[in-house]
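2 protein chains.
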Amino acid sequence: MKIQLAQFNFTIGDLDGNYNQITNFYSKYHNSVDLVVFSELAISGYPPEDLLLKDYFLDEIEKKIESIIHLTKDKKSAILIGAPIRIEGNLFNSALLIADGAIIDIFHKKELPNYGVFDEKRYFTPANNLKNIKFKGVNLAILICEDIWHLKNAFLLKEQQVDLIIAINASPFDQNKFSDRIANVKKFNKHLQKNIIYLNQIGACDSLIFDGSSFVINKNNDIVKILLEFEEDSALIETDKKGDIAGNPIEVKISEEDRIYNALILALRDYVFKNGFKNMVLGLSGGIDSALVAAIAVDALGANNVRLIALPSKYNSNQSYIDAKKLSDNLGINLEQILIQNIVNEVENVLNPIFLDQNIDFTEENIQSRIRGLLLMAISNKFGNLLLATGNKSELAVGYATLYGDMNGAYNPLKDLYKTQIYQLSKWRNANTPKISKLSSKNIIPENIIIKEPTAELRANQKDSDSLPDYDILDQILYLIIEEKKSEEYIIAQNFDPKIVKKVIKMFYNNEFKRQQAVLGPKISKMSFDKDRRYQIGNSFRT
Amino acid sequence: MKIQLAQFNFTIGDLDGNYNQITNFYSKYHNSVDLVVFSELAISGYPPEDLLLKDYFLDEIEKKIESIIHLTKDKKSAILIGAPIRIEGNLFNSALLIADGAIIDIFHKKELPNYGVFDEKRYFTPANNLKNIKFKGVNLAILICEDIWHLKNAFLLKEQQVDLIIAINASPFDQNKFSDRIANVKKFNKHLQKNIIYLNQIGACDSLIFDGSSFVINKNNDIVKILLEFEEDSALIETDKKGDIAGNPIEVKISEEDRIYNALILALRDYVFKNGFKNMVLGLSGGIDSALVAAIAVDALGANNVRLIALPSKYNSNQSYIDAKKLSDNLGINLEQILIQNIVNEVENVLNPIFLDQNIDFTEENIQSRIRGLLLMAISNKFGNLLLATGNKSELAVGYATLYGDMNGAYNPLKDLYKTQIYQLSKWRNANTPKISKLSSKNIIPENIIIKEPTAELRANQKDSDSLPDYDILDQILYLIIEEKKSEEYIIAQNFDPKIVKKVIKMFYNNEFKRQQAVLGPKISKMSFDKDRRYQIGNSFRT
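Residue numbers (this note's numbering), protein chains in the order written: chain L, 1 to 543; chain X, 1001 to 1543.
Since the hints were made in silico from the structure, they are not lab data. Ideal placement from N, C-alpha and C gives every residue a C-beta, glycine not left out. Be a bit skeptical, because a hint or two may be false.
Said to hold, decoys possible - Here are the computed lysine to any residue pairs in the SDA-like style, where the Cα-Cα straight-line distance is at most 25 Å:
{"no.": "1", "chain 1": "X", "residue 1": "K1502", "chain 2": "L", "residue 2": "N275"}
{"no.": "2", "chain 1": "L", "residue 1": "K452", "chain 2": "L", "residue 2": "G399"}
{"no.": "3", "chain 1": "X", "residue 1": "K1514", "chain 2": "L", "residue 2": "K452"}
{"no.": "4", "chain 1": "X", "residue 1": "K1502", "chain 2": "L", "residue 2": "T363"}
{"no.": "5", "chain 1": "X", "residue 1": "K1278", "chain 2": "L", "residue 2": "T363"}
As the list claims (entries may be wrong) - If you want a taste of the chain L side facing chain X, the calculated C-beta under 7 Å gives, among others:
{"no.": "6", "residue": "T363"}
{"no.": "7", "residue": "E365"}
{"no.": "8", "residue": "N366"}
{"no.": "9", "residue": "I367"}
{"no.": "10", "residue": "A460"}
{"no.": "11", "residue": "D464"}
{"no.": "12", "residue": "V519"}
So that you can see chain L by itself, here it is in the shape it has in the complex (with noise of 0.2 Å):
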């Protein structure tokens, strides 16, 4: 059986596109092949969120299925593909085997994902059961994305005798998922020893980005085939009589921040354009996180895309400006500068009476950091340029970020990325080029920004560490709140200073309300600040 996958990228809602893409795809196989696979959902794109909810949204989905059917009418080949079916007043995660103007089989997804990012409880009803199809005489199960995950499915699979598995997914990026996919197949198929094919969805919508990296397992639990990761793909799988799958085990080898640099490439590249957007524009301030989210955005959309603007303060050294320019210099880019010195005055000026005999505090600098937010939103506006914020995953989890100021913008690449991973990344992207990059150079970000010592230049002589514990003992404490959801007492109990360690708790605990108007970004770990995470503001629990 010769089976042809298709690993696209598609955008929910956008049913005329994917229609499209589906169907030109289909065309150019529909006499050469036996099946043709997309992925889950693909009509409708995943996840399609409230939009199911919507029954003229489902109308719409059911037309493209009529249309997709009727394309297949005398053609050699079948279509198997992800769709939201309602049948009897339920609405099911569905795959559909269409063929010779019909549809064959429907196989529904039995175990719906309801945590961390995932709400299909909300939307969908599970099968009861699995279910298989002799199909071209091979004995076929379909499986859909979470169905895979559940090891109870492998015995179920193994009592139907089944040959071959497909399993259509849309499987969510983090840092390590490719090895936890591969790691859970292989278990997934120790005692079953058939051939599954993986088939994921590639693209980013919002905070969720799919990595693609589709793969082949045969009985032996070999990894026989990979499809690109970050890129639509397309490959031919072909089985024996018996559905076997032959080939070379291949080993994969790839850096984690080769890996997450190419994600953030994608999420940024897929938000810009998914939301009618050309080009982008951000503040660079000197400092190492602005210089990052300056590589990332020309390595997605190119430098003439990409708007870079120094928006000095008295506070801010010439140094910083130097290494700015620099940095921009390396990027092919025009560094624009605007003087916000005056509007500060005129601000404190007008405030005086009210200030009064109050002391200098926070308030001051947030100013600052509100008339660069100001001035970049005013941009923004005027030229259409999308504004990216550059809020660190640290910054943002102990509130040292200015709502309204430095938060301002409609992505944030780095919204889930520690404080010593931006470090590592740079460091990477000095020594490397991304294989998605629209910039081939290296050593773009000058050595001054890695190597200085971090500030926010909102005072004088202001350092970071005034404030806040250096950022490895830091980040190692915010990944046991937030990742692990330790307890305070444990992680005093690892070794770090209890003074340090419940600071940073009340820190992370009070900016609840920050994070919750804080804009998007991509999600990198496993416990991102979207829709992973989900807690009331007005909460109380502290200890």
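With chain L fixed as given, assemble chain X onto it according to the hints.
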């Protein structure tokens, strides 16, 4: 049997505080009644959300339950109380029946809501069935919230021949919820014809309001007892030996405006207190939105805790200041003023070389709004006043509000109210004093604010109607889009101008990114902009 109901305001995660409320109340009645009843998840507060994923949170809850069990030793009264319960790796949303130092029985929630604002399948395992217990001679069934919204459960209870049903709830408010609840429980009891005690919590957290309004329905399906709306309350319910409850039928009459207004007061008051604030600040434009927010703020916390600031530019009429001043006088607050024009000029100065020969557009309007937002945040930062946002649902729907400008704030009382509702509520407040208000006077909002044509005053002679259809038309179209999830085709068929419908739909979808960065506000409608609605910004479904 004597049953004491506790309709309380619990705080999510405040385990010590909730425990003290529970045990203090129990101590008052432990020898005079047979059963003291607390609401759903009383110990944790509702909804605890991802706190339920932290083991150490559940550990702490178990300690509180142990202490409560200990308290009942040698006391006459039992306790019925809601708590999350771990059993063999599963978590249940349960009701514990505790008497004389032991747990007598545990009832698990059978129906887990996972729609609208609810995510209970993210956390809990459902019960397989309902069960009952012979308690003090009465055949008693315990339901937990959603259980009573499924008619099939009435038939299960009929089979089980129960006499008395106690339903413990955390049922969130919307403007029709009280009548929906009564209608639902009467429908549930129609064939059953038993006695139902329906206990709800009161209080608010983030966007959810709980209105209390607990009630008792007897065998004849008559309401024989109602507890207070929007206030803590307690009641003694007596049954005969067969579990029957006597009493005369009660009819409830309360206007929708009355109910909504009190809900807004409760929501704001609890947001301020539960987040550790004491007072609030807001900008007063002379328009109706900020006027109503000012009134609600004073109703919630009294004039001493509300700060009002006028921030006129050259486009603000003298009449706006007169109106704002009159309102402040009515509220007993000194209106502070900050002139923003010099800052506007300075911002336009520094942007001049970048904007060059670009046309004047909404960018310049947003600059004014953002300068106001910046100044109000400076006051909020300096003095610790919680900043209130004042954008209504109609504005947030079509994007007629400035991100990082007038959308700034930690809470937005009007977030779920259409502009037409703002007028209704303002008129209602002028004629009435809400029962939970701290301000007894009426006629607070000057007549001119209500009758003048709405304008943002961001350019010369601007009127809202320059860019938007009249609010009575706009709000009807928005209601069909948001609450009714109707298609463009359907809405046009309701006799609206197709051009206007297309324009409004386009504005609505294009502003999803703003709504996702908007601050929280109380849920008043069936479809608010917080957890009720879940859409990817990058989804491109439009028709």
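* To do: List in ascending order the numbers of the hints, as given earlier, that are violated by the structure.
  => 3, 4, 7, 10 and 11
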